[in-house]
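Working from the sequences, and respecting the hints, build out all of it.
Protein chains: 2
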Amino acid sequence: MASLEPPNIVVRRLPLYLRALNLLAAEGQKITSSKDLAERLGISSAQIRKDLSHFGEFGKQGTGYEIANLSDQLRRILKLDSEWPVILIGAGDLGRALVHHSALQGRGFRIAGVFDNSPNKIGQRWGELVIQDARDLARFVRHEDIQIGIVAVPQEQAQHVVNALIESGITAILSYAPVAISVPAGIRIEYMDPILHLQRMTYYL
Amino acid sequence: MASLEPPNIVVRRLPLYLRALNLLAAEGQKITSSKDLAERLGISSAQIRKDLSHFGEFGKQGTGYEIANLSDQLRRILKLDSEWPVILIGAGDLGRALVHHSALQGRGFRIAGVFDNSPNKIGQRWGELVIQDARDLARFVRHEDIQIGIVAVPQEQAQHVVNALIESGITAILSYAPVAISVPAGIRIEYMDPILHLQRMTYYL
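Residue numbers (this note's numbering), protein chains in the order written: chain A, 10 to 214; chain B, 10 to 214.
Keep in mind that a hint or two might mislead.
You can't tell identical chains apart in this list, so a pair holds if it fits in one copy or across any two.
Think about it this way: if two alpha-carbon atoms lie no more than 20 Å apart in a straight line, the pair counts; the simulated EDC-like pairs of lysine to aspartate or glutamate are [said to hold, decoys possible]:
id : residue 1 : residue 2
1  : LYS88     : ASP202
2  : LYS88     : GLU66
3  : LYS69     : ASP45
4  : LYS59     : GLU176
5  : LYS130    : ASP102
6  : LYS69     : GLU165
7  : LYS39     : ASP81
8  : LYS59     : ASP154
Keep in mind that the hints were calculated from the coordinates and are not lab data.
Right, dumping it as structure tokens:
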């Protein structure tokens, strides 16, 4: 039964499964099992099977999962079959790192526009992108039909920028600012927070 | 009974609980419940109670958790009562962003040293830090008794840099490079990967 909406916590684990599958494929493996994935991810194999069962039947009892097929299915479920254009707000050091040595390149997302409010930065060229005036944000978002925004501005400006993004029509936001941001219902926000990851390791030191 | 080693997946959720508690405290709340936390985190209240029970008794039946007390306990469990010195490898745009607009400042971690292998960068001053020669890494790590390293180098260099960190005595690594890195048993590695977070939102678009 795949009729009920799967819980958010299940959806959040799918990209972890996809990443593990990509690694296995890169190592030359063709087939994997929930037990194999469980060992790599530190998530129980029962949990993995249960998570996947929300979306259909992917493996055969006793033969495991075909890696290429399961990856394709997960990409389809996560709507990653075509490239998503995103906009970046904030043309500082972090923004520059995102554009120039992009961790996004070739991984399903493409920075379609960069915006800043500093007159010194507006008009500068970063590779194929020209830094645009933040006041032109809404027009660009509507014209290019962008749904995802990345926020790389100082933390004092983060809430204000997120408000402007939402007003322009953005519905999914990835924020690098180390502050909690309030968003209305229906808007998704994720945080890139090194502290969370560091705190997951100190327990073991 | 808190005698068995709690599973890694449970330890990984503790920083999420701590962050939610900090937010509640900032909003002026004194008491919370597993139900309240569950709603904010998208994790079931039964799961939260079970996770916490690995570490002791924190709430009273019917009265919930005292936020300040539970935060303190979580910080103690995660060994966050004193500040951790960390080293940063890679003095590029991302490294500069980490040092100058640090998301780490005042949050339990402090960048104690920055290293690079480019002669143009070595010797440059970044605030109170002077960029050091990567060849002096091992000496610094031993002398300052550093256990945590942050890797902000181009992806082609990431594995090499991680190897050098481990050789110098580092046991916990946070990598910003968008590639999988192999580490021996006993070494912890976490990844800062925007793709994972973006993929957690596209499902809903």
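Non-conforming hints, listed in increasing numerical order:
Result: hints 4, 6, 8 break, sorted rising.
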